[in-house]
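Trainee: Sequence:
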Amino acid sequence: MSTPTAQTLRTFYDALSAAYGPQHWWPAQTPTEVIIGAILTQNTAWRNVERAIANLQEAGALDWTRLRDLPPEQLAELIRPAGTYQVKTRRLKAFVTWLWERYDGDLQRMFATPLPALREELLSVSGIGRETADAILLYAGQLPSFVVDAYTARVLYRHGLIDESADYDEIKDLFESSLPADVPLFNEYHALLVQVGKLHCRPRPRCADCPLDSFPHASCEPND
DNA sequence: TGCCAGGCCGGGT
DNA sequence: ACCCGGCATGGC
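Under the working numbering, think of the first position of the first sequence as 214, with each following residue one higher.
Do not take every clue at face value.
[Stated by the list, open to error] Distance windows between CB atoms, simulated:
#1 Ala231 x Gln321: 33 to 41 Å
#2 Ser215 x Thr310: 39 to 47 Å
#3 Pro393 x His413: 38 to 46 Å
#4 Gly342 x Pro393: 35 to 43 Å
#5 Ala325 x Thr216: 18 to 26 Å
#6 Arg264 x Asp395: 43 to 51 Å
#7 Asp317 x Ala272: 17 to 25 Å
These are calculated hints, taken from the structure and not from any lab test.
Ideal placement from N, C-alpha and C gives every residue a C-beta, glycine not left out.
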């Protein structure tokens with residue numbers, strides 16, 4: 214499969230932008246909330262994350278000092294609505310511990326680190342994978358790191374722009390090598406891909422009464 | 001009712 | 001280098 218041109222990715226963006234307009238992402242107030250939300254939303258509906266963040270807010274725990282000092286059991290109870298809460302408690306604690314050890318709990322200092330190096334540092338924290346790292350960099354740090362997620366891969370694949378086997382870094386590189394390193398553009402492009410994915414790109418397309426429906430397949434319908 | 005949600009890790013082959 | 005099970009709540 215030939216990779217799409219820069220022009221194609223631009224046209225794709227323009228079509229999404231015309232259809233949906235500004236998405237106002239990330240749906241969180243502060244960089245601290247973005248980071249916490251990025252971890253909590255792993256494989257989880259944002260609706261559930263909102264409850265967890267509201268609990269943290271109410272407990273005054275949207276704060277790196279408080280998060281550091283909060284016993285894991287109490288943190289787990291606060292973020293319970295987000296699901297996989299034991300795992301996420303470990304991951305939040307791992308990040309907080311790292312943030313204090315590496316940057317003295319100071320986000321400003323953290324984001325002063327040059328992009329490629331900071332991305333590697335974040336990836337070294339247990340529980341922060343590529344998408345979470347990129348979301349933190351882009352939406353909390355305003356650094357031009359393109360965020361790829363399940364929707365991105367699915368939408369691009371269904372429209373014939375990437376191979377089904379394309380992995381995270383391939384897709385990320387595709388955008389970053391085709392587009393200017395522009396933070397508002399990266400921000401909006403990812404948000405638009407999520408929006409169109411939610412509305413038009415189901416994970417497993419189904420066809421009525423298909424005897425093979427339980428098997429993975431690309432699509433029984435034309436692309437949206 | 002089962003499937004899904006803005007992943008990631010660790011163990012197995 | 002892949003592949004897979006586990007994690008867990010809430011909505012449709």
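Trainee: Each hint: holds or not?
Mentor: Comparing the hints with the structure gives:
1. Separated by about 37 Å at the C-beta atoms, Ala231 and Gln321 satisfy the suggested range of 33 to 41 Å.
2. At about 45 Å, the CB distance of Ser215 to Thr310 agrees with the hint of 39 to 47 Å.
3. About 27 Å separates the C-beta atoms of Pro393 and His413, a value inconsistent with the hinted range of 38 to 46 Å.
4. For Gly342 and Pro393, the hinted distance range of 35 to 43 Å is not satisfied, since their beta carbons lie about 26 Å from each other.
5. Separated by about 34 Å at the C-beta atoms, Ala325 and Thr216 break the suggested range of 18 to 26 Å.
6. Checked against the given bound of 43 to 51 Å, the beta carbons of Arg264 and Asp395, roughly 33 Å apart, lie outside it.
7. Asp317 and Ala272 have their C-beta atoms about 23 Å apart, which keeps the hinted 17 to 25 Å range intact.
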